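4 protein chains.
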Amino acid sequence: MSSDFGKYLRIQLFGQSHSEALGVVIDGLPAGIEPDMDRILSRLKRRAPGGSALSSPRKEPDLPEILSGLAGGKTCGAPLCAVFRNKDTRSEDYDELKHIPRPGHADYTAYIKTGGANDIRGGGHFSARLTAPLVFAGALCAQLLEEKEIYIGAHIRSVGSVEDRPFDPVNTTPEALKELQQAPFPVLDRQAGQSMETHILDAAARKDSVGGIVECCVLGLPPGLGEPIFDGLENRISAAVFGIPAVKGIEFGDGFETARSTGSVNNDAFCYEGGRVRTKTNHNGGILGGLASGMPLIFRAAFKPTPSIGLPQDSVDLSTGTNTQLTVKGRHDPCVVPRAVPCVEAATAIALYDLYLGDKR
Amino acid sequence: MSSDFGKYLRIQLFGQSHSEALGVVIDGLPAGIEPDMDRILSRLKRRAPGGSALSSPRKEPDLPEILSGLAGGKTCGAPLCAVFRNKDTRSEDYDELKHIPRPGHADYTAYIKTGGANDIRGGGHFSARLTAPLVFAGALCAQLLEEKEIYIGAHIRSVGSVEDRPFDPVNTTPEALKELQQAPFPVLDRQAGQSMETHILDAAARKDSVGGIVECCVLGLPPGLGEPIFDGLENRISAAVFGIPAVKGIEFGDGFETARSTGSVNNDAFCYEGGRVRTKTNHNGGILGGLASGMPLIFRAAFKPTPSIGLPQDSVDLSTGTNTQLTVKGRHDPCVVPRAVPCVEAATAIALYDLYLGDKR
Amino acid sequence: MSSDFGKYLRIQLFGQSHSEALGVVIDGLPAGIEPDMDRILSRLKRRAPGGSALSSPRKEPDLPEILSGLAGGKTCGAPLCAVFRNKDTRSEDYDELKHIPRPGHADYTAYIKTGGANDIRGGGHFSARLTAPLVFAGALCAQLLEEKEIYIGAHIRSVGSVEDRPFDPVNTTPEALKELQQAPFPVLDRQAGQSMETHILDAAARKDSVGGIVECCVLGLPPGLGEPIFDGLENRISAAVFGIPAVKGIEFGDGFETARSTGSVNNDAFCYEGGRVRTKTNHNGGILGGLASGMPLIFRAAFKPTPSIGLPQDSVDLSTGTNTQLTVKGRHDPCVVPRAVPCVEAATAIALYDLYLGDKR
Amino acid sequence: MSSDFGKYLRIQLFGQSHSEALGVVIDGLPAGIEPDMDRILSRLKRRAPGGSALSSPRKEPDLPEILSGLAGGKTCGAPLCAVFRNKDTRSEDYDELKHIPRPGHADYTAYIKTGGANDIRGGGHFSARLTAPLVFAGALCAQLLEEKEIYIGAHIRSVGSVEDRPFDPVNTTPEALKELQQAPFPVLDRQAGQSMETHILDAAARKDSVGGIVECCVLGLPPGLGEPIFDGLENRISAAVFGIPAVKGIEFGDGFETARSTGSVNNDAFCYEGGRVRTKTNHNGGILGGLASGMPLIFRAAFKPTPSIGLPQDSVDLSTGTNTQLTVKGRHDPCVVPRAVPCVEAATAIALYDLYLGDKR
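Protein chains in written order, with our numbering: chain A, 3 to 363; chain B, 3 to 363; chain C, 3 to 363; chain D, 3 to 363.
Since the hints were made in silico from the structure, they are not lab data.
Computed from a predicted structure; not experimentally measured.
Please note: incorrect hints may appear among the correct ones.
As the list makes no split between identical chains, a pair holds if one copy fits it or if it spans any two.
Stated by the list, open to error - Mimicking EDC-like on lysine to aspartate or glutamate, the simulated pairs with C-alpha atoms at most 16 angstroms apart in a straight line are:
hint	residue 1	residue 2
1	Lys331	Glu199
2	Lys76	Glu22
3	Lys209	Asp97
4	Lys9	Asp361
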């Protein structure tokens, strides 16, 4: 298993959906930092289930307990461990799944990988509940980045076929990002947001689920941040973002659209503006050769529809070796995308702060 | 800098486009393996420039010299180092670029990162020429994977708006993949391939360039391969593939399409077929929870149009702090996608063989 | 900070002497293993303070709570987190030390490193209390190694100038090692043990402390285990063993004695014995070229005298910039060596199991 | 295999004694540095064989060729690769050894590890010749450390039973260290040095070999350098130094002597001197809690006698499964210690510079 991330700031996630607790150890934080608990809690709240009809009714207070790493309320240079107790677990919902894997889930692959020893309850270590400690760690990293005037924000770019307006690739402001972080349903176009909510509720009513896209923007990265070849911004951000369950694709700048473009269009011309180098356009999403160009870093992550749906599905019974049907019980989100927004921000903050610490300049 | 990859098999790339040599050290190979030099050379040849009017006229024989790691023609357990001498370099083409960065390239970001100490000749360490040692390492990994009956193949899925047929997500065969590896212009639909070639030559004639998409398929992965959260197949493959210059997006299975889908469609139902578990569809691209499901692993990587184009472009002069124009000299591919196919295969082989070695089962 | 160890099995320690809790996350354990809690608890008990007049009167039950990583009592493939709550803390004993560093301790260096943000209470993250989670992780690794018939045991080789008999470098048996693990004061020569106890009590009576040497033996290592150059057995074991507070030296086989020897004596002649290759002598301590030779692996770790002593000592007041005197309060061991025995075994087990998992054969 | 070292500056060694070449890739060097080739060559020369009757008559010019990583003579931020061609190889000397392992060497363990695929010629990857690229990398690191006024120097502390004067643990100066680096046979007491030389020649005359101790001192380390638990100065230096063939022990400060000491003696009292904190004594060798105290860092590494000796020795024939005798041919040092001095300095420089780069302050 490899539930750790980072070279300079190391994040070790642990826990299962229904284990005693889950959590994170963060090793490599600078000493003397006072964690902004309000920020951490507000981000955790955005991720937590039970907030509205759009998400699972499982109620978890998601209050982290910090076991170590602080002295007098400040980081003391030792690894910080935060745990979340699991409380509202209904493990009996999962008895059947041990042998009848849910389509679209990790049940089958985890079963094979572990020779049947995997923790099936709530999806075990593969549960989206592991994003609670991820968001905790990300909030800390985001705080440290903001001290360097690096800002991260994300919005729901689409739910099913309903699209929000994209980020302005050149002129997005820190204020716009902060506003998104206050919004209960973060979109740039409120109208689009309402259509999305309707779309999600429709899916829920049909006992089905929908996918969507989160778009993330980072402002203030020092030009040159990132490392060549295997530790470029794209490599590291994607390595982190694919750690969020249900992500099936990621693209930077114009992403897949660049495949249909031409060099004369896609090349972002350099120019001096106010004494500093900028590009007139930003098709490359603020990244050239894996390194920050100083323009807004923009990427999108595609989330598949929640695999847990209330409709009956075809599956297999691994204990008998026969085909069977399955109706997933348990409490699930009809769309993971709204709760995924703070997760994408967190993964991004972790990847970027790690690169920031490793920057030799 | 971080030009290394892998936890169990470590790949360290080195070199610049116009340095004495470039190469790779591969640490962690099993002992007693005889590298299949024919395979290595044929893959390098597919990557090499100068092959046709579709690519840069720079002629590099791309013949690796193996400095270490072999005894009696077999791996001896020590790190294997292979180097490629740089011969057909025209460093004078790059004099101007030191201060006038090429739009869409790493020139500017590398300059800032290194305080101007970067090697500008041919793009230095950011040059696509670094994919020669990548392909070398990948060919070795592919050989080792094939001994486990794991096969990797890729085709040009699109050039600009011209599309090839996609891989059959359920029924693609090892033979189909091998056939693609023999093809000078690997596509599934020959007609589409001819349109692509025309499209590339058109762009070249306009002194412009085009982007495209490479689609890759892996067969025979043992179910359960991959690690959870940060070392899933998606995380590791994307971390490797973004190591190839010009990649701006990656998606697995239906990728960004899943964001527009519903759970009832996107969930791949399990069934027994010939005594083993399969899925009837493969929207998840052979990956569930980051782990191999046993179905074909399929992903696509989007390549932006080659930034080096013959048309005049707006840029800046970093030495004078003024705006200027630039016409890129040097010899460049009007489309990197054909030569990128073996690179994508190589990056995939390296990521998968590393996970294979790390598998605790 | 870098409180993690291991490439294939990763151990992340966290916690401070007086934080809410301390603990360990173990990532990479095979799935389906039932931790032998009796073994774990018995090893923790040997490490725990308060056992006798020879150790600190601080009473900590040292009962680990396993927060994650198990399902149905067996490892489920997810990271295992075990925590130890801190209970019998007397933080007020440490108020003065924030500005008056204890000689021989990390107080001063930690203060400088963290700009004064370090947790001074009980030595913070530098406390020997961190060996509780180390012993927990080591006990698990030892269990896994024993399944491969690899046995680890250690004894008190010396306390001050009182010496125990050394391990027989050629003929030590697994039974002898197991016996040592049952012993409350593990020595090979009971007489020597009694002299040591007297020596420790004498030091305690003088409000002083004494050092000593732990000698460790590993049986059953598969020949060839270890990696060349930087990941040899010596490199990895010493990297782990220096993680135990107060270790100032380590030597393998005849160690420093080999510096006074000659090749004709020190070279261990090979011979066939019962059909397998052995060496007649074992001056090299079971290691050749960093790799296991199949003979008993033997090493010794030197522990300095506990720096916390009841005598007044010269120190500085960092708040006033003046010289001062200090009398250390708190409860401390007059000799760390008896409690260090299970720590050395644990560090060794962790280093070896990590190498075992990484062995490509 | 694991012939790499470092987290922030990564050193990848490659090559075998008789392969085409051996070398090193150094990834993570700051950009814009001009390698001091005179320093590098002078250190390589001290390591090179053939210098005097005290060492092997194998003549290798040890001239590194830098293949990559420089532009205009300065580091360009890309990995630096330096290779050493192997020239004066006599592989025929090693034919017999493939099946008759030399006592005290890695021949047997490497054979078992690789299933007989190891490169036996000259010891292959286990040869002390691999210290040439180590010294190259170390010289670069030493140059970078000296820019921070951190100085490293070592002397021959003993050969057999002949002892040099120890470093003054409190008052050693940078000048004294530099002087040692100019000396062909670096000792503090010239008289002792001459006795050592006689001792070595005597051993050579007897076709035997002798061991010895190298003592190393580092001045100018910023207090607090190092990381707790597993990345302390002791852990990292020992992990590097055991990468030099023939090292069997390492001790810091008073090392094994501390085991015989008491707290009241061994604790180094703090005091203000010239406005800064120092310790009156330095029994802890400049390290407290794994972190630099600001006092001279002092350690000793024990080298066993060269295992290659001209006397007949008992061994086994692995091809026939019988006992046999062996007389080692080839050209070997009667004592590795003089040539080991620059190797110890190099390993120390690499370990320290890596920690320096990783220091978060």
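Right, here's what the structure says about each hint:
1. Taking the closest pair of Cα atoms, Lys331 and Glu199 never come within 16 angstroms of each other, the shortest separation being 23 angstroms inside a single copy and 52 angstroms across copies.
2. Within a single copy, Lys76 and Glu22 get their C-alpha atoms only as close as 27 angstroms, which misses the 16 angstroms cut-off; across copies the closest is 14 angstroms, which meets it.
3. In the homo-oligomer, the alpha carbons of Lys209 and Asp97 never lie at most 16 angstroms apart, since the shortest distance is 21 angstroms inside one protomer and 60 angstroms across protomers.
4. Taking the closest pair of Cα atoms, Lys9 and Asp361 come within 16 angstroms of each other both inside a single copy (11 angstroms) and across two copies (13 angstroms).
The structure fails to meet hints 1, 3 from the earlier list, while all remaining hints are met.
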